[in-house]
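**Student:** Taken in order, these protein sequences are the chains called A and B. Residues 1 to 501, numbered by my numbering, are exactly what the first sequence covers, in order. Residues 1 to 437, numbered by my numbering, are exactly what the second sequence covers, in order.
Any given hint might turn out to be false.
Listed next, with one range per pair, are the computed distances between beta-carbon atoms [what the hints assert, rightly or not]:
#1 B:360 / A:358: 45 to 55 Å
#2 B:129 / A:295: 46 to 56 Å
#3 A:387 / B:129: 37 to 47 Å
#4 B:310 / A:440: 26 to 36 Å
#5 A:469 / B:347: 56 to 66 Å
#6 B:120 / A:51: 44 to 54 Å
#7 B:302 / A:440: 21 to 31 Å
#8 B:120 / A:161: 37 to 47 Å
#9 A:295 / B:162: 54 to 64 Å
#10 B:434 / A:418: 43 to 53 Å
#11 B:355 / A:462: 35 to 45 Å
#12 B:20 / A:418: 18 to 28 Å
#13 B:355 / A:295: 50 to 60 Å
#14 B:302 / A:425: 22 to 32 Å
It is worth saying that the hints were derived from the structure and are not from the lab. All values reported here derive from a predicted model rather than from experimental measurement. Glycine included, every Cβ here is placed at the ideal spot set by N, Cα and C.
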Amino acid sequence: MLSVLVLIPILSAVIIGCLPDKTVSASRVRLVSLTVAGIVLLWNLFILLKFDITNPGMQFEEYLPWNETLGLSYHMGVDGLSILMLLLNSLLTWIAIYSSDKETERPRLFYSLILLVSGGVSGAFLAENLLLFFLFYELELIPFYLLISIWGGEKRAYAAMKFLIYTAVSGALILATFLGMVFLTGASSFAFDAVSTQTLSAGLQLLLLGGIVLGFGIKIPLVPFHTWLPDAYVEASAPIAILLGGVLAKLGTYGLLRFGLGMFPQVWPVVGPTLAIWGAVSAIYGAVVAIAQTDIKRMVAYSSIGHMGYVLLAGASGTALALVGAVAQMFSHGLILAILFHLVGVVEAKVGTRELDKLNGLMSPIRGLPLISALLVLSGMASAGIPGLTGFVAEFLVFQGSFSVFPLSTLLCVASSGLTAVYFVILLNRTCFGKLDNKLAYYPKVIWAEKIPALILAALIVFLGVQPTWLVRWSEPTTTAMVASIYPLEKTIVSQVTVRY
Amino acid sequence: MVQAGESHTTKLPPSQHEFADIIHRLEAGGSMLPDTPENLMQIIGIYKAYAVPMDFYWRDLLYIAERVFLDPLPFFKYFLPGEYLQRHNHYAGDDAELRVWRGEASAHPELLAFIEKGETIKMPKLLHHLFHDRINMEFAEACMRAMLWHRGMGGKFDPYLDTEEYQANADRAIRAYFQGNPLMSALYKLFPDMFIEQCRQMSYYANLGLFWEVMAPVFFEMSDLYDEGKISSVPEAMNFLVNGIFAVANRPIYHHVYIRGECYEIVPKSKGFVWLYEAALPYVEAVFYRTAPFRGTKSYNAQAGQVPVEQKDFHYGILYADVFPVGTAGIPPTLLMQDMLHFLPQYLVDYYQGFCRGEEDMLIQLGISFQRSMYNVTSAVIQALRTVLCHPLDDSNSEHLQANRDFFEAQLNRFTRAEYNIRDAARLRDIQSREYR
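Could you build the full structure based on these sequences and the hints that come with them?
**Tutor:** Printed below as a string of structure tokens:
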């Protein structure tokens, strides 16, 4: 059942890649890819319907022995932590393909790579084996590199190489940590269940947890490992930026919660305060730097750094409410970032610039881009956590759940949320409002194909904002179980050692 | 009145003015608008589209001035009675005192069809009104208020409104109007100035109504002549306007009010106020140059010193208007453009569909065509004034030609002033290019 989510995109990618070059037009390749992504999305919704929200454990598990010597098995499952991420991945893949140019150059390669990424990310979210996770985690590396370097902007080669180096380092750190976890614990395989870090000393646990945090911290990314992000997000074309910001960053936060919090429950509370401060610093840094940007896509990219800081804060807090908030934030952020990148892409395609000092008056009802501007306002509001939109639900849960544990960090994140409103007001004020210069404003009209992805995402943002149960119900039992497994700080082995001294 | 430009050869050295090309064109009997078939098609199409709602405007303006008058709750002032729809235009139809248009004297058939059904479906008049599926008189009233607000633009009509004679006439009419209405009569006793000022506004309703009563048949006739192939260039179109201006220059401007079957002459015909000086020129000055309800994106920030201190320096008329709607408020490019949209000739609809966003931004495209056409009307006024105040274009005396040039340069200097960013706001430069849409 779950394998469909992985196999269909990957097999389709192979088939599309092998299609005859001259006989199949770009628009037909796009249609085929869109159909495949649509089938995967529908299948994902079917799984969601069948998902037992009262069960905190893995569901729909699939197991196939693969390489017993290596401890590698094809072991898949889905729980409350991954179900929404899977849905986000398939939804944004469909949106990314839909929002792509019908006349994309080298379409077979382009859509194959997108489907490959989709299958890889789904595999990573589903994997119940560390090595299998790593394989899927690394599977998206080269496709993303190619997607940025071939279809990207002016500095795409630089951005893609930077992305490749950072992500490779991230992968190396994660692999080393996974190997360390298995070898040091003497586990018989890389299966999640087989690895128990509680038998290790506090020092070793902290060392391995450090590897996890750094590895996934690069992927999220957290300050100061973020410098690949603005370049990659900005240089990538809009559909790829949607996948980068909407899906790939979630792989980082998912990994941090799954492997950091989930597999190091003894030392997690020890590093919690540091992670909380780190999250708050990332949030503030992302917001402040976003304010200074003049390129709206770069501004949106920096906003991502800020919002990922909230997830780190929530994870660090380790309360049930905060973890529900973390999952909600991951999903909400995926939707919001996707719509923002899509809208920015439309603005750039129509107006020919992303510069704040050149954009103006796009709200103009006849010659401007009124619907796009209105949706930009809505997205900005959602990102700034305005009530009634999904961003508010997620941020409120994160802050409410974290405040009792880390009040200072939480307050800093709340302040960062306020700063989000500042830079979005700057963006909206300069882009949407003001004078539309009639010497320049001969912009082409926005066609329905460009509006539909944004309208779907906007509808979800509003719906989940007014009906937050649909956002949080899936993850609640799983996150509660995860929190239950965390050791109270006074019982952690580090504290015991400290008390003895 | 104005000679064809092609045969004219100037004896003066080339002008050094910023708009030298345009001045040479005016000296050759041309218009500020370049003479191209595309421009001609646009302006004639717009004249026709403008004339149909204008046929409603003038009738309703006179209805309000003559019948609604000082009704404190004039909810139905835009519901024009049949009497006024059937009212004969003095410049159209068989019984015209001067037949400018060969068509009917009563309301235009396209206008009657539109009033009947609007653009939606046949429904009660009130619903058409509330949905703005109607002729938007608000535009006409805004033009009237522009004339009222920019008082003192020359002529004798406006000073007359401050005379004791006018106040006495108005007083008689006001007393008669509120006879049997103690509340309004008492209010009039308490605030007489307010009622007199309202009466002045009514006089401007009449003034503008009488002005547009002339212009509607002029534009209809131009459209018909173009369709018949009898107008084939922009200067010909301009000359038709110039000749029309002179033909009706002495049409009386007056304000009569009908109360219970009796006529009260607030501004009597006997005062000798005439169309050219008391209506046409103030209208052009107020609406084309100074203020018009063309709410574009021109800034009105008084604190930043962007609003002129003197009313004469105002430059918010159609000749300066940025017809793009205001970004934030979503104000459409004026109700006039919406009105004209209903009556565009098919050739203009087809033309607009080939540019920019086609049907979606037709309001703006036709707004810019309207701007072109009003530059042509302004050219006609400038040429008419030159005929009155200066010399023939083919005058053999170089001093006379220099006087003509000085006149033209003085007129175009209005578009070159640096104060308040007037120079950049003027669209004269823009309309020289066909890419300006």
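**Student:** Measuring from beta carbon to beta carbon, are residue 360 of chain B and residue 358 of chain A in 45 to 55 Å?
**Tutor:** 23 Å, violated
**Student:** Return holds or violated for the Cβ distance of residue 302 of chain B and residue 425 of chain A against the range 22 to 32 Å.
**Tutor:** 25 Å, holds
**Student:** Given the hint of 44 to 54 Å, check if residue 120 of chain B and residue 51 of chain A actually sit that far apart at their C-beta atoms.
**Tutor:** The hint (44 to 54 Å, Cβ to Cβ) holds, given that residue 120 of chain B and residue 51 of chain A are roughly 49 Å apart.
**Student:** Starting from the range 46 to 56 Å, see whether the pair residue 129 of chain B and residue 295 of chain A falls in it by beta-carbon distance.
**Tutor:** Roughly 48 Å apart at Cβ, these two residues keep to the hinted range, so it holds.
**Student:** Does the beta carbon distance between residue 355 of chain B and residue 295 of chain A stay inside 50 to 60 Å, or does it fall outside?
**Tutor:** For residue 295 of chain A against residue 355 of chain B, whose Cβ atoms are near 31 Å apart, the range 50 to 60 Å is violated.
**Student:** Per the hint of 18 to 28 Å, is the separation of the Cβ atoms of residue 20 of chain B and residue 418 of chain A within bounds?
**Tutor:** About 58 Å separates the Cβ atoms of residue 20 of chain B and residue 418 of chain A, which means 18 to 28 Å is violated.
**Student:** Quick check on a hinted range of 35 to 45 Å for residue 355 of chain B and residue 462 of chain A, using CB atoms only.
**Tutor:** 36 Å, holds
**Student:** Does the Cβ-Cβ separation between residue 295 of chain A and residue 162 of chain B fall within 54 to 64 Å?
**Tutor:** For residue 295 of chain A and residue 162 of chain B the Cβ distance comes to about 60 Å; the hint holds.
**Student:** Is the hinted range of 37 to 47 Å satisfied by the C-beta distance from residue 387 of chain A to residue 129 of chain B?
**Tutor:** 39 Å, holds
**Student:** State, for the Cβ atoms of residue 310 of chain B and residue 440 of chain A, whether the hinted interval 26 to 36 Å holds or is violated.
**Tutor:** 32 Å, holds
**Student:** Take the C-beta atom of residue 469 of chain A and the C-beta atom of residue 347 of chain B, compute their distance, and say whether it sits inside 56 to 66 Å.
**Tutor:** At roughly 59 Å between Cβ atoms, residue 347 of chain B and residue 469 of chain A fall inside 56 to 66 Å, so the hint holds.
**Student:** Within 37 to 47 Å or not, the Cβ separation of residue 120 of chain B and residue 161 of chain A?
**Tutor:** Since residue 120 of chain B and residue 161 of chain A have Cβ atoms about 60 Å apart, the given range 37 to 47 Å is violated.
The structure fails to meet hints 1, 8, 12, 13 from the earlier list, while all remaining hints are met.
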